[in-house]
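Here are the chains, one letter per residue:
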Amino acid sequence: MPVPPVVALEIGSTKVIALVGERRDDGHIMITGMGEGPSTGVRKGEIIDFDNAVVCARSALGMAEETAKVAIREVYLAVSGGHIRSQVHRGTVPVSGRGGEILREDVEQVMDVARAVNLPADRDVLHTICQQFTIDDEQRVIQPEGMEGSRLSLDMLVLHGVRTRLRNMINVAKNVPMDIADVTFSGLCSALSVLTPEQKKSGALVVDLGGGTTDYVAYAGNVVALAGAAAVGGDHVTNDIALGFNVPTSRAEKVKREWGSALPGDGEPDKTVKLPPEVGFAGRTIALQALNTVIHARADETLGIVSARLEEAGLGRQFGAGVVLTGGGARLRGMQELAERVFGLPCTIGKPRNVSGLATATEGAEYATASGLVQYGFRNTAAAGGGFWGKVMRRLIPY
Amino acid sequence: MDEKKICVLGVGGAGCRVVAALAGRAGKGKGPSLAAVSTDRRTLEAVALAHKVRIGQALTRGLGAGGDVALGRRAAEADGELIRGLVEGMELVLVVAGLGGGTGTGAAPVILDAAQAAGAMTLGFVTLPFPFEGEQRTAAAAAGVDALRSRTDTLVVVPNERLVDSVRKTRVDQAFTKADQALGIGLRGIWKLLTQPGYLNLDFADLRRVTAGGTCGFAYGEGKGRDRAKEALESLLKNPLVDGGRILGAARSLVVSLSGGADLALREVGEVMQGIARAAPGGEVVMGTIVEPVAHDKLTIVVLPVSGPRERTAAPAPGARAAEAPGAGQDAAVREPGARALKKSGGRRRPEQTKLGFQTTKGRFKGIEPTIHAGEDIDIPTFIRRGITIDK
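Chains V and R are the protein sequences, given in the same order.
Counting in our numbering, the first sequence runs from 1 upward without gaps.
Counting in our numbering, the second sequence runs from 1 upward without gaps.
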C-alpha cells in the first residue's frame, strides 16, 4: 500500500511555507508541491493576529495543493517561540527479570518514569527524546533489553512550551481548516534536515536563524543534549536598521539583504549606499560601515544568547563538527565568521539534505525547517505502527 | 581640590591590583580615598587596601563574573546602595579598570553613572587586553570603551601591549605585573597633579577642557641624578607607550605632569617642555608640576596624549539616541552625550538627564510582549543599548 503524501506547514514570522512530500519505493523523499507567501499575523514566532495568520496559511496550502495536484486534509505543523525550552529528566527503575535480566517491560517502564517530568502548570510537553540508558549508574547503553543489571535508568530530554502559545499556532492551522498530524519544534526539524549522521556523532550545534526566532539544537555524544529558541531573529536586524537610519521597514530589509554584513569592518571604508525615495520616504544615503556596525551589534548579541544558553546547560565546547548555521539568516554575509568568533568553533552553513524535487524548496537554507518537517512526517508515519522508534517519539499533546 | 573629595575606585581584578599598588607607593594616611570593588572574593582578599567592596554577592556568591559583562553589570546594579555610598559627596571619581573581563567592563559604567548622578566629575583610566588574551576579550573591551566615553569627563585608554617593552620576551605573569606597575605610575601622576601643590598648577577643569571629546593615551618617563631631565625625556620617548614618539606627534593636545623633589629647578622644567614640544609640534600642551620631598633627586614625567574625537556627522535619528548603559531596563533615564552644563571650574555640575521614550525605539515590536534577556528588553536595537554611536 503506497504511503500517503506528507504535508509540512510552517507559519513563520516572515513567510508561511507549505511543502508536499512523497516517498518513493526506494525510500527517497521528493517534494512534489510547494506554497509560499508572506506571513502577516506572526511576530517572533508567535501569533499576534489570528485571522491574518489563518488567511496566510490557507493561501500557502492552496498553492501547495495546486502544484502537487493533491487535496490536502492533514498537516504536520512546525512551532517555535521564545518560550520553548528543554530539560533533562532521569528516570530509574529496578530490573525485574530473573537473574537481573532487563526485560522489555523494564524498558517501557523506565521510559514512562523518565517522561513524567514536573512542569509548571502553564506548560505542555512538545517532545520527549531518549538520550541514553544507563545500567547501575555506570554502564551507558543504547539498547538495554536482554542485558544484566539491578537498576535501569534513562535520561530523557523533554522539550516544552507554554500551552496557550502552542495552542494558538495549532488553532490557526485547524481553522484553515486542517487536521493536525503532529506538532514539532522547528529547530528539531532543521537539525533533522541539515545534519549528517557523522556530524551528529561528533557533536554539532545547529543554529537556525529565522526571521522571528533563533532556534538551536545541540547534539553531543550522539544524542540531543539541548534544544530551544530565543525570540529574536532577522526581523530584529531589519528593525534595528529601520530605527537607526530612519527608513521604512521594507527598505531596511532590502538594504540588509543587498549590502549588509555581520562583520563591522566589511566593505570599503567610505562606501555609501543610496536609498532612492518612494511614497512616504524621502530617500537617503547610508554609510556602509554604519550599516554593518548596526547589523553586527545585533547579530553578535543574538549568537551570544545561544552561546550563553549552551554555557548555562554546561555544554561548552564538545562539538566536534562545530556549529552549523541554517535558516534565512545564514545567508547574511559574514555570519559564518562571526559565529566562529562567538562560539570559538568552526562553522559551516547547513542546507537541506535527503530531499529532492522542487529546486527552491530543497536548496535554500530558509527551507531547512519545512523540508526537515516533511522527513519527520515520514518517520512518524512509519512509526505509527509501533516499534521502538514510535515509543521514542510519542506525541503527548492531545488534539 | 580637596584631596578628601577625590576617590579612586579599582573595579574588577586588574583595577583592584593597580589601585592597591598605588596605595603602596602613596604612604599611609595620605592621598584620596582608595577602594577596591569586585565580585570576586579572592581578588579582594589579595589586595592590601583598607576599603573593599564586594558587589553582586547574591548573583556570583563571591566568585568572579567569569568574563561575563552582563553579569558584572548586574552585580553592580544589585548593589546600587553600596556604590552610591562610595561616591557620595565626592567631587572627582577616578575609576580604574582592566577592560575585557566581566566585572571591570560591566560594572564600571554603572559606577560612573552613580558618580555623575552624585554630581562628581569623572575620570576613567582603563586598559585594553593583550592580544594574546583572545578576540572575545578584545571585543568586549572595545565595547566597554564605547560605553565609558559618554560617562567620563576624561577617559584614558591604555593598551596593555604598550606597557611592556617586548611582549615576546616577557613571561605572562611578568607581563601583567609590569603592566600594573606602569599603570600605577600613570595614575599617581594624574591624581597628584590634581591635588598636590607645585610651581604650575593644573586643575580638573583644565584637564577636562583639553581632553573633552577625545580619548587620552598615557606615557611616562623617569630620570635620576644630575641629568635627570634629559634622562626622563629619553625614557619617555623610548617608552613603547609612545610608539617611538609617533603618538605624541599625532596628538591634538598633551597633558603633562612633571613631578620632582624640592630641588626641582625651573630650568629642568623648561628642558622637559622643550623636549616634548619638539616631539609634538603643533599640539596644545598643558602642564602641571608636582613637588614632593620624597621624590628628591628624581624626576618623573607623565603625559596624556589626547587624540581627536570620533567623527560625528548628523545627529542620530530621533529615538535612536545613544549612550545607554549596556543592559539598562525600560525605565532608566538616559544621558545625552555632550548635553551637560559646565559650571565653575572644579565645582559640581549636574548632567542633564532626559527620559528616552522607549515606545518609539521599538518599531516593529511596539505593543508586543518584549523579549527579555539578562534583564534587558532586547527588542530595543542592540546598538542603542550598547551605546554605540553610528556615523551616518
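Just so you know, the hints here were simulated from the structure itself, not pulled from any lab data.
Don't take each hint at face value.
[What the hints assert, rightly or not] Under the rule of at most 27 Å between Cα atoms (straight-line distance), these lysine-lysine pairs were calculated in the DSSO-like manner: (1) R:Lys52 <-> V:Lys256; (2) V:Lys271 <-> V:Lys15; (3) V:Lys256 <-> V:Lys69; (4) V:Lys15 <-> R:Lys224; (5) V:Lys271 <-> V:Lys256; (6) V:Lys254 <-> V:Lys174; (7) R:Lys224 <-> R:Lys298; (8) R:Lys178 <-> R:Lys238; (9) R:Lys224 <-> R:Lys238; (10) V:Lys274 <-> R:Lys224; (11) R:Lys4 <-> V:Lys254; (12) V:Lys15 <-> R:Lys230; (13) R:Lys298 <-> R:Lys362; (14) V:Lys256 <-> R:Lys366; (15) V:Lys69 <-> V:Lys174; (16) V:Lys200 <-> V:Lys351; (17) V:Lys254 <-> R:Lys298; (18) V:Lys351 <-> V:Lys201; (19) R:Lys178 <-> R:Lys52; (20) V:Lys15 <-> V:Lys201; (21) R:Lys298 <-> R:Lys366.
Fair warning: this is a prediction, and the values are worked out from it, not measured in the lab.
How the hints compare with the structure:
1. R:Lys52 <-> V:Lys256: violated (48 Å)
2. V:Lys271 <-> V:Lys15: violated (32 Å)
3. V:Lys256 <-> V:Lys69: Roughly 37 Å separates the two Cα atoms, so the pair is violated.
4. V:Lys15 <-> R:Lys224: violated (74 Å)
5. V:Lys271 <-> V:Lys256: holds (15 Å)
6. V:Lys254 <-> V:Lys174: Judged against 27 Å, a Cα distance of about 34 Å means the pair is violated.
7. R:Lys224 <-> R:Lys298: holds (5 Å)
8. R:Lys178 <-> R:Lys238: holds (16 Å)
9. R:Lys224 <-> R:Lys238: holds (16 Å)
10. V:Lys274 <-> R:Lys224: Not OK: Lys274 of chain V and Lys224 of chain R at ~61 Å, beyond 27 Å, violated.
11. R:Lys4 <-> V:Lys254: Violated: Lys4 of chain R and Lys254 of chain V sit about 58 Å apart, past 27 Å.
12. V:Lys15 <-> R:Lys230: violated (72 Å)
13. R:Lys298 <-> R:Lys362: The given pair, whose Cα atoms are some 59 Å apart, is violated under the 27 Å limit.
14. V:Lys256 <-> R:Lys366: Holds: Lys256 of chain V and Lys366 of chain R sit about 21 Å apart, inside 27 Å.
15. V:Lys69 <-> V:Lys174: With Cα atoms ~21 Å apart, Lys69 of chain V and Lys174 of chain V stay inside 27 Å; holds.
16. V:Lys200 <-> V:Lys351: Status holds; Cα separation ~15 Å.
17. V:Lys254 <-> R:Lys298: Answer violated: Lys254 of chain V to Lys298 of chain R is near 64 Å, above 27 Å.
18. V:Lys351 <-> V:Lys201: The hint holds at about 18 Å.
19. R:Lys178 <-> R:Lys52: holds (24 Å)
20. V:Lys15 <-> V:Lys201: violated (33 Å)
21. R:Lys298 <-> R:Lys366: violated (64 Å)
Taken one by one, the earlier hints fail for this structure at numbers 1, 2, 3, 4, 6, 10, 11, 12, 13, 17, 20 and 21, listed in ascending order.
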